Every structure is written in C-alpha cells, then in structure tokens.
Amino acid sequence: MEFLYASEVLVNGLMAGVMYSLVALGFVLIYKASGVFNYAQGVMALFAAMTLVGIMEGRVPFAHMINAAFGVHVENFGWTVPGLLAILLTALVMVGLAIAIEKLVLKHLVGQEPIILFMATIGLAWFLEGLGDVMWGADVKVLDVGLPQGISETVETVTNNWLGYGFFIDRLDIWAAVIAAVLVAALVGFSQYTKQGRAMRAVADDHQAALSVGISLQFIWIMVWSIAGFVALVAGIMWGTKSGVQFSLSLIALKALPVLMLGGFTSIPGAIVGGLIIGMGEKLFEYFVGPMVGGATENWFAYVLALIFLVFRPQGLFGERIIERV
Amino acid sequence: MQDGYTTPDGRQIGPVLLDLKNITLRFGGVEAIKNISFDIREGEIRAIIGPNGAGKSSMLNVISGFYVPQEGEIWFKGHRRGPMKPYEVARLGLARTFQNIALFDGMSVLDNIMTGRMNMMKASLFSQALWWGKAEREETANREQVEKIIDFLEIQNIRKTPVGRLPYGLKKRVELARALAAEPRILLLDEPMAGMNVEEKEDMCRFILDVNDEFGTTIALIEHDMGVVMDLSDRVVVMDYGRKIGDGTPDEVRNNPEVISAYLGVAHE
Amino acid sequence: MFYREAGDFKTSYRDDGQTFPIRLDRWGYYAVLAVAFLVVPFVIDSYWANAVLVPFLIYAIAAIGLNILTGYAGQVSLGTGGFMAVGAYAVYKLMTAFPGVPIVIHIVLAGAITAIVGVLFGLPSLRIKGFYLAVATLAAQFFLVWLFNKVPWFYNYSASGQITAPERTILGWAVTGPATTASAKYLICLTFAVVLAWIARNLTRGMVGRKWMAIRDMDIAAEIIGVNPLTAKLSAFAVSSFFVGIAGALLFSVYLGAAEASEAFGINKSFLVLFMIIIGGLGSIFGSFAGAAFLVLLPVLLKNLLVVQLGWPTDLAAHIELMIVGALIIFFLIVEPHGLARLWALTKEKLRLWPFPH
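Residue numbers (UniProt numbering), protein chains in the order written: chain Z, 1 to 326; chain C, 1 to 269; chain X, 1 to 358.
Treat the hints with caution; some may be incorrect.
Claimed, not checked - Quick list of simulated restraints, FRET-style, between CB atoms:
| # | chain 1 | residue 1 | chain 2 | residue 2 | range |
| --- | --- | --- | --- | --- | --- |
| 1 | C | Gly164 | Z | Gly295 | 15 to 23 Å |
| 2 | X | Pro299 | Z | Leu4 | 36 to 44 Å |
| 3 | X | Ile105 | Z | Gly71 | 53 to 61 Å |
| 4 | X | Thr96 | Z | Leu4 | 26 to 34 Å |
| 5 | X | Val335 | C | Asn100 | 53 to 61 Å |
| 6 | Z | Gly71 | X | Ala258 | 33 to 41 Å |
| 7 | X | Thr347 | Z | Glu113 | 24 to 32 Å |
| 8 | X | Val32 | C | Val198 | 47 to 55 Å |
Derived by calculation from the structure, the hints in this document are not laboratory data.
None of the values given here were measured: they were computed from a predicted structure.
Yeah, the Cβ is synthetic: ideal placement off N, Cα and C, and Gly gets one too.
The following block holds chain Z by itself, in its conformation from the complex (with noise of 0.2 Å):
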C-alpha cells in the first residue's frame, strides 16, 4: 500500500514534470537558434494566458490606466470570444511580440556575452509582467477553454481493479501530457525535416557562417521567438486552467531553470528527461523527506538537485563537453 501511495506520487510528479518540460522546451528552442538564454520565457507564458482571457472575456486592454487618465470607465467590450478563435488571436499577438523583441531588443544586442543577453532578458520579464497587469489588470483570472478537468475516473477504476488501489490522476495532467507530447514531436520533426529547421539549427551553430550562407537572422530569430511564444501559450493554457492566471505562474519559469541545467541547454530530450526527473525528484522528495523538515521543499529541491548535479557533470546530462583553448 505504501509502495503503490509513493507511486501514485510518482505518477502525480511525472504530469508535473511534464509541465516543466513543456516551459523549458521554449528556453531550449531559443537558446538554441539565438545564443539567448530567456529569462523571461515563464513571463511570457503569465502574458499570454493574460491576453487570453482579456480575449476571451472582452476585456478592453489598459482599461485601468485608461480609466486612471481620463476619468471613465470601461471594462468590458461587451462580448466574449470563442476559446479557439481566442487562441489564435493570442497566438498571433505572441507573434507580434517575438517581432517586438527582436526589433527593440536583441537587434541592438548581436555579438554582446550571452551573460548580457541574459541579464536583457531579466529586463524584458519585468517589462512583460509590468504590461501584462497594465493591458489587463493584477487580479487572479480563471482561465477555462474547455479542457476536461477533475480526476479521472477512468484511471481510477482501472487501477483499483488491477492494483487493489485507486490512483487519483488529474485528467487536465494526462491531456497537458498528451499535447506536450504532440508539441514535442511536431518541433522534433519541424527543426529536423524543414526547410526553415534547418537554417534554425545553422543559426544555433554560428551566427556568420549562417549569415554567408544566405539565411536571414532576423527571420529566423522573428519566426524562433514566435515558436517560443507559441510552447509559452500552450504552458500558460495548461497551468492557467489548472491554477488561475496570476502572478505565481511566471514562477514556473524558475523551475525550468534547473530542468535545464539538469538536461543540458542545449538538447530537446534533455529538456524532457529533465524535466521528468525534476518532477518526480521534488514530489517523491517532499513525500519521503518533506515531513521530516518542515515541508515546503518543493522551493528549493531542484535548485539544489540541478547545482550537486552540476558540480560533477557541468555540461548537463546531453549537453556537449566543453574542451578550453587559449
């Protein structure tokens, strides 16, 4: 019984793994065609699922402001849009993003030291979540596109007639598991077998030699970004239905950080294995040594995971061994 209650707690850290997989996939994506690494990846995933209700809801963007400016007061447009079409309309505005990024900002920052870049980055997450709670207000949203949520039934009947035992498996986990997947596979297949992937893979490689080859950086970077923009969607869908768009969910940009330094920056599988283990490793934890210490170790368990982790194997669990020259 015991056994079957920690692997229930696997099960559980799993689905969650694949949460932060599906976030650190866009670090990956990026890092990867443009050197950047993007800090502010679960910023833009609190902004799009915020521009998706505004959508959804009507909401009239910078009402607050508009409303602190001139003394009226509007709210609503009055009508409400249909999830699918909502999406799409925030995809194409995460679209607009990516073009804005790449004009006012990484432009003017080509050759800097990827620490600059980074540190860029920081300031582009303030700036995002800044805008996000101007255009759209701070308040705790609930996001509901239709996605089936509440525990599986299903899973639980099945399991209590093989196991004795009945898992309790939240259906948003297992469809967030399935798109995931579906996500993963369709960028596999899109940076492996296109056109356009491969120049992506030649800019990840050396910004000139692309350069003299003909291809666009600023296409490239636009269409990445966009990409990016796109997995920071679906992660702000998933997390947003599950636990109301706010603030919080920005933070699971955090928990990529050491999903990535655990899968090496630089791999698409490494971001998933990471991701998984970072998922189970902070749930089993929590279960097994959380309550000998006060619980709450979900903080800090992968922070510490990744840096032990680091120290005997810098480069990551995929990542390429680095040899120094002078």
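We have chain Z; now place chains C and X onto it with these hints.
What follows is chains C and X alone, placed relative to chain Z:
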C-alpha cells in the same frame, strides 16, 4: 655540453633548466604530441618551430601546465615536476605570452602589468582592505619595478590607457611586459611576432634579445617566421605532426634533410 | 577649464595610486562627506530618512557587495536576497543572544557569518560559469529563505514567524527599535556605507582586485599567469557576501525593524540589487551608489507623479514602475553597458577640456 656551451657570439649558456622527457599528449584518440624530448638551458634562446598543427602550442601548454601530458616527465632545475595546476607552475618562475593576446581588457596597461607581479605581493586581505602597512609598501615597491619594465619597453605614454583601446602591436608589447614583470626564470613566447609588420617585428626582436641580454632570462619561443627564428635563437626544435624531427643550432637544423623536406619544402639551396 | 588635471603633478607612486588622483575630485568628495555628516543629520526628517536616504545607503552597501562579485570578479549572482536574509537573521540571533555586546559588533559579525555562507554557495563557481552559475545561485536564494521560514530556532520560536529588532543604543542613542530617530538611523547607515565603500575601493585598486578582474576578463589566462582561481573566486564570494550581509543586517535592524524572510528577502530583492549595479555601472563603486540612488528614487518619484499628482491608483503606479525598470535595464544594456558611472566619467572627460574642446 653537460654544463653549458658558448654561443658563436660569445654568450655563456648554463646547465639544463627545463628538461622534457618522452612527452606524449593525447586528446581523445588524437596524439597531439608524440614522445618528444628536449631541454632548455639556462640563459639560452630556444625556439620551437614547425608547420601549422605540428603541436607547438600544445607543447607550450604542456610546459606551462595547462595541458597535462599522458606520458613523460618534466624536470625543472633538476627536480621532477609533479602534476601541477597552471598557477603553481607560474609560481615556479615560468611566465608566458599567448598566441591570441590574452590581456585583461577591462584593466589599464599599468594594472595588467602589475598582475604579473602577483606572486611577489603577499599582503593579507585585511591589510589590503585598509590599504595600510604591508599592502601599501608592497604596492609602491612593486610599482617601481613595473615602471622599470614600462621604461624598458617604451610604453610610458599608454600607462593608464585601458588595454581594450590599444592597437595590436602595442598589446603584444604589453603582454610581454606583463610576463617580464613576473621576473621569470623561463619566458615562454607563443608567436610573439604573428601578425606584425616589419617594423614591429624588428622592435620585438630587439626586446627579446635585450631581455635575454640584460636580465639573463631564458627564453623559449614559438615562431612561424623562419628568418627571425634563425637569427634569434641559439638552438631550435623542429616539430611536424606531433613528432620531433630536428633539434640543434640553426645551422644544423637548416641542413637537416628531414626538416628541409617537412618544413622548408624543396631544396633550400 | 575649472575641472582639470593639468599642473596636478604626482611626485610619488603612492600619490598616483590614491583614490581620487585629481585634486578637484578630492575636494568634491570631502565636501560631500562634510555635508553628509555635519549638515544632513540636523535637517533630516523621518520622511526623507525612511523613503530615500536610509534605503539608499543600505542598498548602496548591498550593491557594492554584488558589484565586487559580479562587476569585478565576473561571477553573476541571483542569491543576493538570500544572503541579505543571512545577515538579517544572524544579527537578530546575535542581538537577542548577547544583548550586552555593542550593536556595531553584531552587525560586523553578521557580515562575517554571511561571508562564510557565501563561500559555501560560491564553491560551485569553481566548476561552472556564466549563467549556469547564475542559476546555481538561485539555489542559495530559495534554500536560505526556506530555511529561515521553516526552522523556528532562527526566529526564536515567535508566533508570527517574524523577527523583530529590540532596541539597542550607541553612546546612549537608540539606533534600532521603535524609538530610533531619523538622524540616528541615517548616521549609522552612512557610517557603514562610507567605511565599506572605502574598503571596497582599497580592495579593488590593490592586488586582490586585480586578480578578481583578471578572472573576470579572461579566466584561463589568469590561471596560467598565476591567479589561483579557488582563492580568487572564493575571496570575491566572501567579501561580497560580507557586504551584502551587513546590508541585510542594517535593512532588518535599523530600517525595517521587523521582517519575515520570504517577504523581505525574496527573489525580487536579488533582482533589485542586480539592476542597481547594471544601471549604476558594473565594476564601479561610484556606480553602485548611483544605481542604488536611481532605483530608490524612481518609485518615490513615480508615486509622487502618478499617485499624488495625477491621482492614479497605487497598484497601477507599481505596474508602470515594473515596466519602466525593465525597459531601463534593456536600454542601459544596449546603450551603455557600463551604466551611469560611465556616463559620469564621460561628462568629466568632456569637462576636462571645456570650454576648449580641441
């Protein structure tokens, strides 16, 4: 030969200072250096030459402790050198310059050269924090030494300039100054004249000869420019594909048939 | 014309290596110190102390600390908030355990304890670099805050989980606790800030500073010419954490009076201090002060403009502040990666020639 020799121009060369015995260095499956032995004597100018990819820079990196060879022994001043970190090797009295200039771009010329004297400065963190006592005395005393080197290399006017703003030739000279500031027993120069014009090359040659002459510093250098090497050095090691194919005075090397075929191409008259 | 160095000759290397080699700079500096110590304490009121000057001085100390690690030694840290928490909880434990010992000693000891913790979390820097290290320092941030929240010993088993600073005095003047006057708060923070800035300046112009910068600019070459990366990196972590710990101790004991780890020392504190040194200038002591002043003043100004003048709601002003700070960070990184300090240096260079630019 045991206790030295006299060069044609009358300089007295001392006993063996650094002795490399059967060095082999591998990267994965690639052998960058294959069973090479040679020595460097006190007071001499020793050159390592060879075509691109011959393993010259790897050899220098082995001497300065950055690469650890899989096989072989390194003897320094008659003692076998155990496995050492690069900074420990530096403390033995080896200073070097780099093929692609490795100056500290964010610091001034003066500060860069001062870093060369770090092993002579032993003031505690506490004394440095208060800038009082030993820290201040050391700073002034070492600054005087550094100023001598600045005079010697004729770079007084750029003392306070950030290194990042200097042209290539001057950077090379500042790098030499930093290495000299350490008052090394052996000075390792990795292509000191690469990418220089004729005038800069002549200046650099003069500095190298002066350093050897005035401070009696032993110098080991890698160089591509054959003419320069032959004029400058007392003895030359020739490498090709990681092997040593020649070793001796410039004249001996010049007439070595294997060297001629591997490096100098067809008959060199 | 008025600002110049011509005719200001040095006759010894000692003079040439001093903090302000230019005479006018030196006088300006003494004048600022005189005003800060002799005039401001008599005119300061509690609004100016609490909203501007005291937080400015405390964050300046933290910014100098982070600048030593990030700006001088090149090791990016996102754990500043966690290390400030160590300073705060250390001073709290010391204050309550040894009430008879002068508070200044407690604050310095709190810095020393933070330095030890900093070295521990700095150990991975020997293996990992760049943003891998930055992310690794997040481990310090989250673990330390969690620790102070979960282990009751750290907050003396208080029911609220908060730590509260008891009253302590220097020469009969209260510097912590509710009875502290604005000028007492200001003076103790000013003294610490001035002394620590002087120490930071000494360290960074001497050999240890050169080793840090050598590691920052080219770590492999630094090691080959003789820098021991272990001692160079760990000393940077130690000194940096010492400063940050003292800032945390002052923030809690003198400024806030009461604190709770996740609220006062969360991840946003880490970013705030990081932003201060980016805006102020990486690798500059003056920049640390400038950046701290900028980010302390910005919310005050925005609040005055948007909330007091225009009557906008406070939360909206806070969100706009986020946007402005974020945009400024990107702006500075693009336009002037050396921050306000560089702009100031450029102005001085222009002034040197003014009004005869050629």
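Open item on the list: Range first: 47 to 55 Å. Now tell me if the beta carbons of Val32(X) and Val198(C) are that far apart.
Closed with: Holds, at about 54 Å.
Task: 53 to 61 Å as the expected CB spacing between Gly71(Z) and Ile105(X), which holds or is violated - done: Check passed, 56 Å falls within 53 to 61 Å.
Open item on the list: Quick check on a hinted range of 24 to 32 Å for Thr347(X) and Glu113(Z), using CB atoms only.
Closed with: Taking Cβ atoms as reference, Thr347(X) and Glu113(Z) lie about 26 Å apart, which means the hint holds.
Open item on the list: A range of 36 to 44 Å was offered for this pair. Does it hold for the Cβ distance of Pro299(X) and Leu4(Z)?
Closed with: violated (53 Å)
Task: Distance restraint evaluation - Thr96(X), Leu4(Z), Cβ atoms, bounds 26 to 34 Å - done: violated (48 Å)
Task: Val335(X) versus Asn100(C) beta-carbon gap, inside 53 to 61 Å or not - done: For Val335(X) and Asn100(C) the Cβ distance comes to about 29 Å; the hint is violated.
Open item on the list: Is 15 to 23 Å respected by the C-beta to C-beta distance linking Gly164(C) and Gly295(Z)?
Closed with: violated (51 Å)
Task: Satisfaction of the hinted span 33 to 41 Å by the C-beta atoms belonging to Gly71(Z) and Ala258(X) - done: holds (39 Å)
Of the hints listed earlier, those the structure fails to meet are numbers 1, 2, 4 and 5, in rising order.
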